[in-house]
Amino acid sequence: MESLTGWWDDFFWGSLIVVEVFLVSLVLMVLFGLLGSAAKLSNSKILQKIANGYTIIFRGTPEILVLLLFYFGSAITLTAIANIFDPSIKFIDINPFWAGSIAIGLVVGSYATETFRGAFLGVDPGQIEAARALGISNFKTFVYIRIPAMWRLALPPFGNHMLSLIKDTALISVIGLQETMFVAEQATANTGEPFVMYLMVGVIYLSFSTIITLSVMGFEKYGNKHLEVGK
Amino acid sequence: MNFDFSLIISSIPQLLEGLGLTLQLWFISGILGLLLAIALMLMRISGKWFLYAPAMIYIYIFRGTPILVQLFIIYHGLPQVEFIRESFLWVVLREPFGCGILALTLNTGAYVSEILRGGVNGVPKGLGEAGAALGLSKVQRFIYITTPLAVRLAIPAYSNDVISLMKSTALVSTITLLDMMGIARIIVSETYAPYEIFISLMIIYLVITWGTQKAFALFERRMSRHIIQ
Amino acid sequence: MNLANTEPRTVISLQNVDKYFGEFHALKKINLTVAKGERIVICGPSGSGKSTLIRCINRLEQHNSGNIIVDGHELTDQVKDIDAVRREVGMVFQNFNLFPHLTIVENLMLAPRLVRKTARDEARKHAMKLLERVRIPEQADKYPSQLSGGQQQRVAIARALCMNPAIMLFDEPTSALDPEMINEVLEVMTDLAKEGMTMICVTHEMGFARSVADTVVFMDAGEIVERNTPEEFFNNPQQQRTQTFLKQILSH
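Chains as they are written, first to last, in this note's numbering: chain Z, 1 to 231; chain X, 1 to 229; chain F, 1 to 252.
Treat the hints with caution; some may be incorrect.
Computed cross-link-like contacts, DSSO-like style, restricted to lysine-lysine with a CA-CA straight-line distance of at most 27 Å [claimed, not checked]: (1) F/80 - X/125; (2) F/194 - X/125; (3) X/48 - F/80; (4) F/142 - F/125; (5) Z/221 - X/125; (6) F/194 - F/125; (7) X/214 - Z/49; (8) F/129 - F/117; (9) X/138 - F/194.
Which chain Z residues stay away from chain X? Per the calculated CB distances, all over 10 Å, these [said to hold, decoys possible]: (10) 7; (11) 39; (12) 120; (13) 136; (14) 148; (15) 181; (16) 188.
Taking CB as the label site, the calculated pair distances span [claimed, not checked]: (17) F/29 - X/221: 47 to 57 Å; (18) X/203 - Z/215: 35 to 45 Å; (19) Z/223 - F/116: 44 to 54 Å.
Rather than coming from a laboratory, the hints here were simulated on the basis of the structure.
Predicted, not measured: the structure shown is a model, and the values here were computed from it.
For each residue, glycine too, the CB sits at the ideal point set by N, CA and C.
Only chain Z is shown next, with the shape it has when bound in the complex (with noise of 0.2 Å):
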C-alpha cells in the first residue's frame, strides 16, 4: 500500500475525468438513443434505415475501434480540413475527452436506441385508448400516461447502460486520456507496482459501478411504489 503514497491525487484527478467523461457521454447517449428509437418508429422509410444502420454497426463493432477510428479519423479529418485555410498546418490534435466521450456516447446509445424503442412499444395500448376515452388530449396523454409507463420499463436497462458507459471510460486510456488507467499505468512505470495500481483502478471503477447500481434501485422502488402490494 506505500507504494500509492503520492499517487493518490492523481488517482483522484483521474477518477475526476472518469466522471467528467461519464456525464458527457451520459447526455449523448441518451441523446443518441431517443433520436435512434425516435427514427426506428417514424414513418419515414429512410429514417428508418439510418436508425437501423446506427444500431447494427455501433453494436456489431468492439468499442475500441469505434474510439480509434473517431480519434485518428477525425484527426485527419480536421487537418485536412484546416489545411484548406492554412497549409503550413501539419496535423491538429483532437482531445481525446471529446474523442472519447463521443464514442462512447454513441455506442451505448445504440442498445439505449432499442431500449427506447422496447419501452416504447412496451406501453400498454389500453392505457393509451383509456386516456383517449376520458377526452385527454394526445400531448398530454403523451406526458403523463405514456412517459411514465415508459420510464419504469426502461429504468432497469437504463441503469446497465450506465454501468456500460463508466467502465467503457476505461478505454479511452488508450488514445491519451489522463483518466485512472493512465495514472495507473505512470505510476507502474515509476513504482514497478504494477499489481496495486491497476487493482486500484479497480476499487475505483467497482465503487462508481456500485454508487450507479445503488441510485438505479432507488429510483426503481420509488418509480414502482404504487405497484407494492398492501398490506
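Add chains X and F to chain Z, keeping to what the hints say.
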C-alpha cells in the same frame, strides 16, 4: 485527404491474418466461460450461503469493473506476485495469450451466470411442482424440466453476450497480441489511413456479428418448436 | 355404493396440523382422515387454506407442526419417503402445469420412464391408454400450447394417473377454465370417482360435490368449520359461516 477504396480491399486479407487468433480467443474463453457460468449459477441457486455468497461477490466484482482493468491486472499485475510466478498458473500467465483467455473467461463467466440464472428463474414454479408431484427427484426435475425451458429462455440474452465477448477479444491488442485489432493498429501506424483500415475491420466484425446472430436465431427457433401458436 | 364403508382403511390422516407463511397462520390445528375410496370435496372462500391443505398432503408445502400420514408414511424431512409418497399421490393443478417443451404423450411418459425406469414402448402404451380414458388419444403428439384449456386439464389428469397413484388430489381443477370447458373435465373426474379412486378435491363446483362426494369439508380462515355428507351439508348446514358461504355461492 483522400479516401482510398482500394486500400479497404487490399487491407482485408492482411487483417484476416488475425482472424485465427480472434476466433481462438473467442471460442476458448466462450466455452470455458460457459462452464464457469454454469458453476456460478448453480452456486447462486444452491440456497447455501457458503456457496452463493462467494458467487455473488465474484459476479459483483467482475461485472462492476471494466474488462480492460481486469486484463491489465492479470497481464501487468499478477506476474509481479511471487507465488504466482512459482505456481502452475505461470504456464498460462507467462504468455499474453493465456492472460487474454483468462481475463475473457473470468469476465464472461460472471455475465453469463446471471443470464442462466434469469433463465432458470423464468421457468414457472408450477412446472417444478408438477414434477415433484409425480415423484421426480430434485435433480431429475432440474435436468428434464427446468434446464430445457431455461435454455430456451436464456438464448436471446446469451447470444448478446457471446457477441459482446467477441467484441471484447479486440482488447487483447492492448497487451501486444496481434489479433485483427492488433494488426489493424499496426497497419494504421504505418500507412496512416485510419478510415480505410478501421472501416475494413468494422466490416469484418459486422459479418461475424451477423453470422452469430443468424446462428442463434436458428437455434432459438429449433428450441421453440413447442410454442407454435 | 360407498366403498369407504365396505373397506374402511385410513389412507390419509392429518393430526393437529399447523402451517404458517411467515406471520400468517394458514392452517390451524387441522384434523382430517380419509378412508380408502373416499371422495372428499373441500370448499371455502379464497384464502381459507384449502389449497395449502392439499399441498401439504404431498409436501409441496411443509407443515410446521402436527403429523401427516399418507399411506403409512409419515411426512418428514426424509427425502426418500417424500418421493415414494408422491408416486402414490397424483396431483392436478389449477393451471395444468403441463411441461410445455414435451408433447402430450411425452408429458405422460416422463415420470414412469425416469422414476420407474419403464421401457419407452411400454410407457407409451400405458400413456395412450390413459389418454383414451380422458378421451383425447388423438392429441398425443401435439404440444400443450396447441390444446384448449379443457383438453390440457384432461391431459394433466392423465399425467397424474400415469404413476398409478392410489390417491388423487385436485387443486381447483376447473377454476382456470372457460365455462364451456368445465363439464368435460368434471366428467373425467366423475369417471375416476366411479372407479373407486380416493380423491380429495378443492373446488367450487357444488353440483360435482353433490353428485360425487362422500364428504364435503368447509374451511374458513385456516380451520375446518364443518364436515358432513353432501345432503346434510347443502340441506342442513350447521354453522353460521357455512350458511353464509352457501348463500353467496349458490345465489348465482
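Quick rundown of the hints versus the structure:
1. F/80 - X/125: Holds, at roughly 22 Å.
2. F/194 - X/125: Distance ~32 Å between residue 194 of chain F and residue 125 of chain X Cα, so the pair is violated.
3. X/48 - F/80: 21 Å, holds
4. F/142 - F/125: 17 Å, holds
5. Z/221 - X/125: 25 Å, holds
6. F/194 - F/125: 23 Å, holds
7. X/214 - Z/49: Holds, because 20 Å separates the two Cα atoms, which is no more than 27 Å.
8. F/129 - F/117: 18 Å, holds
9. X/138 - F/194: 34 Å, violated
10. 7: 15 Å, holds
11. 39: Nearest chain X Cβ is 20 Å from residue 39 of chain Z, so the label holds.
12. 120: Given that every Cβ of chain X is farther than 10 Å from that of residue 120 of chain Z, nearest at about 19 Å, it holds.
13. 136: 36 Å, holds
14. 148: Consistent with the label, residue 148 of chain Z stays out of reach of chain X, its closest Cβ about 26 Å off (over 10 Å).
15. 181: 7 Å, violated
16. 188: 7 Å, violated
17. F/29 - X/221: 47 to 57 Å: 54 Å, holds
18. X/203 - Z/215: 35 to 45 Å: Hint holds: Cβ distance 39 Å, inside 35 to 45 Å.
19. Z/223 - F/116: 44 to 54 Å: 51 Å, holds
Checked against the numbered hints given earlier, the structure breaks hints 2, 9, 15, 16 and satisfies all the rest.
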